[in-house]
Each structure stands twice: as C-alpha cells, then as structure tokens.
Amino acid sequence: MIGDALQRVGRVALFLGRILAQCPAAIARPRAIVHQIHNAGARSLIIIMLSGLFVGMVLGLQGYDLLRRFGSESALGVAAALGLLRELGPVVTALLFAGRAGTALASEIGLMRATDQLTAMEMMAVDPVRRVVVPRFLGGVIALPLLVAIFDVVGLFGAQLIGVGVMGVDRGAFWSQTQAAVELRDVAEGLMKSFCFGIACSLVAVYEGFHAEPTAEGVGLATTRTVVVSSVLTLLIDYLLTAAFLGR
Amino acid sequence: MKPQRNLEVSTGLFVALGFAALIFLTTQLPNSGLRIGSEQGYRITAKFDNVGDLKVGSAVSMAGVTVGRVEAIAFDPEDFRARVTLRIDRRFDRIPEDSDASIQTQGLLGGKYVGIAAGGSDVALKDGGRIEFTQSAIVLESLVNKFFANFASKGSTSSEEK
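Protein chains in written order, with numbering that gives the first Met the number 0: chain S, 0 to 247; chain B, 0 to 161.
Incorrect hints may have been included.
As the list claims (entries may be wrong) - For the chain B half of the interface with chain S, some residues (derived, Cβ under 7 angstroms), not all of them:
id, residue
1, Ser9
2, Ala15
3, Thr25
4, Ser141
5, Val143
6, Phe146
Worth flagging that the hints you see were computed from the coordinates, not collected in a lab. Glycine included, each C-beta is placed from N, C-alpha and C at the ideal position.
Given only the sequences and the hints, what does the whole structure look like? Please build it.
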C-alpha cells in the first residue's frame, strides 16, 4: 500500500522531470503555448470573474457583519483585500481552474491516448511529451497567476460594491485603510502561491491524462482523479505555504 | 488564418487583462507602491510628540467628515517630534489657523486618524501653513501602566495606615 503510494509519487516526479527537460524545446514553439494559454486562461475568464465578484460580495457582507461588532467597519477593505490576496484568490481560482481547465486537459490527453494518437506520434519519432504535454503544462502555469490577479481585482471591487455601495462604509476610509495595511509582500505571497498551484494543478492534469487507461472508462476516471487530486493537493500546498509565510 | 488570428487576439486580451490586474495589485494597493495621478489640495503641517501608529494615507477629519489625508510622516531631529504633513481637499479652504489637531482612534481598536477641531480665528490656514496646537496619540499601554502605578501606590499607603 505504502509502496504503491511511493511508486506513484515517484512516477509523477519523474514525469515532471521529463516535462522540465523538454521545456526549452517547447518554448522554441511559442504558438502551441499561446494556444494552450487560450484554452486554460482565456476560456476560464468568465467563470473566474463571476466567481471573483460573488466571493468579493460575500466577503463584503460577512466582513461588514463581523467588523460592525467591533465598531471598525472601515477596516472592511483591509479584511477583504488581505483575505483575497493571501487565501481566497489563489485557492478558489486554483480549485476552479482544476475543474474548468484541468479536466479539459486530462480528458483531451486521455482521449489522445485512447485513440492511439500518442502512440502514433511515438511511431513517427515525435516525442508526445514535448509535442502534447509540455505546451499544455506551460499554458496552465502561465495562465493561473494571471487568473488569480484578475480574480483578486474583481473580488475587491465586489467587496467595495457591497461595503461602500450597500452598507455605506466610507469609500475613502475603505481604500486608504486598505492601502495602509496591504504590503507588497502580501501581493507577492499570493502570486507565489498561485504559481505553485499552477504547477501542481497542471502537472496533475497532464499526468493523469497521459497515464489514463486507453478506454472510455479510463479517460473518465482520469478526469475525476484530476479534480480530486488537484483539489486536495492545492489545499495541502496552501497550508504548507501559509505556515511557511506566517512563520517568518 | 482567421480562426488562428481570433485565438491569438483573445489570448492577447486575456494576458493584457491579467497583467493590468497585476499592475493594479502591485502599484495601487500597497502603500509602498507607485501612485499614479497626484491628489489635489493644499498641504499643512503639524508637529506631534507621538504619532502612535498613524500611517501615511490615514484620514484627516473635521467633525467626523473626511477632509484630507496624511501625506507624509517624518521625524524632526531639531526638536525630537514627529512632523506630519496633511493634504487637505481644496473645498475645505477655510480652516481657522488656530485650529488644533489631535490623533484619534477609529472605534475601539481601529486605525488612527487626525482629527482637526476648528478654532475661532478669522484667518484661514493656507498652503504650507502649520497647526500649532496638537495633541498626541493616546498610547493604550502607557495609560494602563499609569493606572496600575497609581493603583499600586494607593494600595500600599492604605495598607500602611492599617
């Protein structure tokens, strides 16, 4: 049992090594990466912006209700901004990303495996890792931090919409307290997290797809596993990184 | 050719949007970041013995209404006090020159802000003017210390009397 788990981790790590070794060759073909940024990023834009807006609005409501008890409603901007930048932005975006882009990647590559396209490439002496896997991996790694930044900004405006527009917090206090409390380090932490999540989610998706059983059931299983594994991995990495950042 | 171009344009749009969001987060949000576009208004200064945790960007308010922002906080090596530069909105250009400024706290544990109480003079503060009468931030710890010191000395004298 433990041996199986170790073997799995080892295989994923070796696969990551193979991907990284092929990265320079893939960067020489930026067209394919652009295509994958489009698939992973541009197509997830609507769902990310909508979710960001709603998460921000909920933060506005909950934060206001909580802070009002201490008579410091004007700190709503700080609460929303730090919550979004440090936690909610990267984590929620990564979870949505796993569901929206990760599954698409896994099923696409899995279907290529099931229909012997990957084997055909190997027969033509084309490395499927370089040709299929690496552009998708890099596309995901580049797209996720950008999606997180968009999520943060939209969420912040959602919180402002509720806090200032509905609850009547002073707009000046909202922004000036936010600007006084947020440091560049908070932004950097969020980006670092989203970069790690991007690597984890993309790697899981391409790995599961690439190693899917070449059957309809296998592809379905690989897709399901992608969501489960990336979500759990995202939350685990999030805990570790948060502990590391706060333990300074 | 056409679908390829569409794809590239929408990807470019996405990347541009992402970087715009990144730039907003890094420059507009943190206080240390760059400020695009200067605020309008006039500056006045005030010296405080202790500014507590007043921050650049904190509100300046009169009668509870925000009239400006703290623009800079510096230490004056001449008289060992803090020199706070306030930027006041141009609409509020009739603040009497004998007004007094105090550092106050929003709510029980909220951030600090500068409160200005209007004086009675007919002469208004102008750009570069200075508020002479100031009251420092109340530092909660020293207040508590004072209270306990007072309490302890009273307690010891009363026990001696017995």
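Taking the least C-beta to C-beta distance, is B:Val143 closer than 7 angstroms to chain S?
-> 19 angstroms, violated
Is the shortest C-beta separation between B:Phe146 and chain S less than 7 angstroms? Because about 23 angstroms separates B:Phe146 from the closest Cβ in chain S, which is outside the 7 angstroms limit, the hint is violated.
query: Going by Cβ atoms only, is B:Thr25 closer than 7 angstroms to chain S?
result: 6 angstroms, holds
Under the criterion of a CB-CB separation shorter than 7 angstroms, is B:Ser9 in contact with chain S as hinted? B:Ser9 check passes; min Cβ-Cβ to chain S is 5 angstroms, inside 7 angstroms.
* For the hint on B:Ala15, just tell me whether its beta-carbon gets within less than 7 angstroms of chain S. => Nearest chain S Cβ about 10 angstroms off; hint violated.
- Hold the hint about B:Ser141 up to the distance rule: shortest CB distance to chain S must be less than 7 angstroms. With Cβ-Cβ at 22 angstroms, over 7 angstroms, it is violated.
Hint violations for this structure: numbers 2, 4, 5, 6, all remaining hints satisfied.
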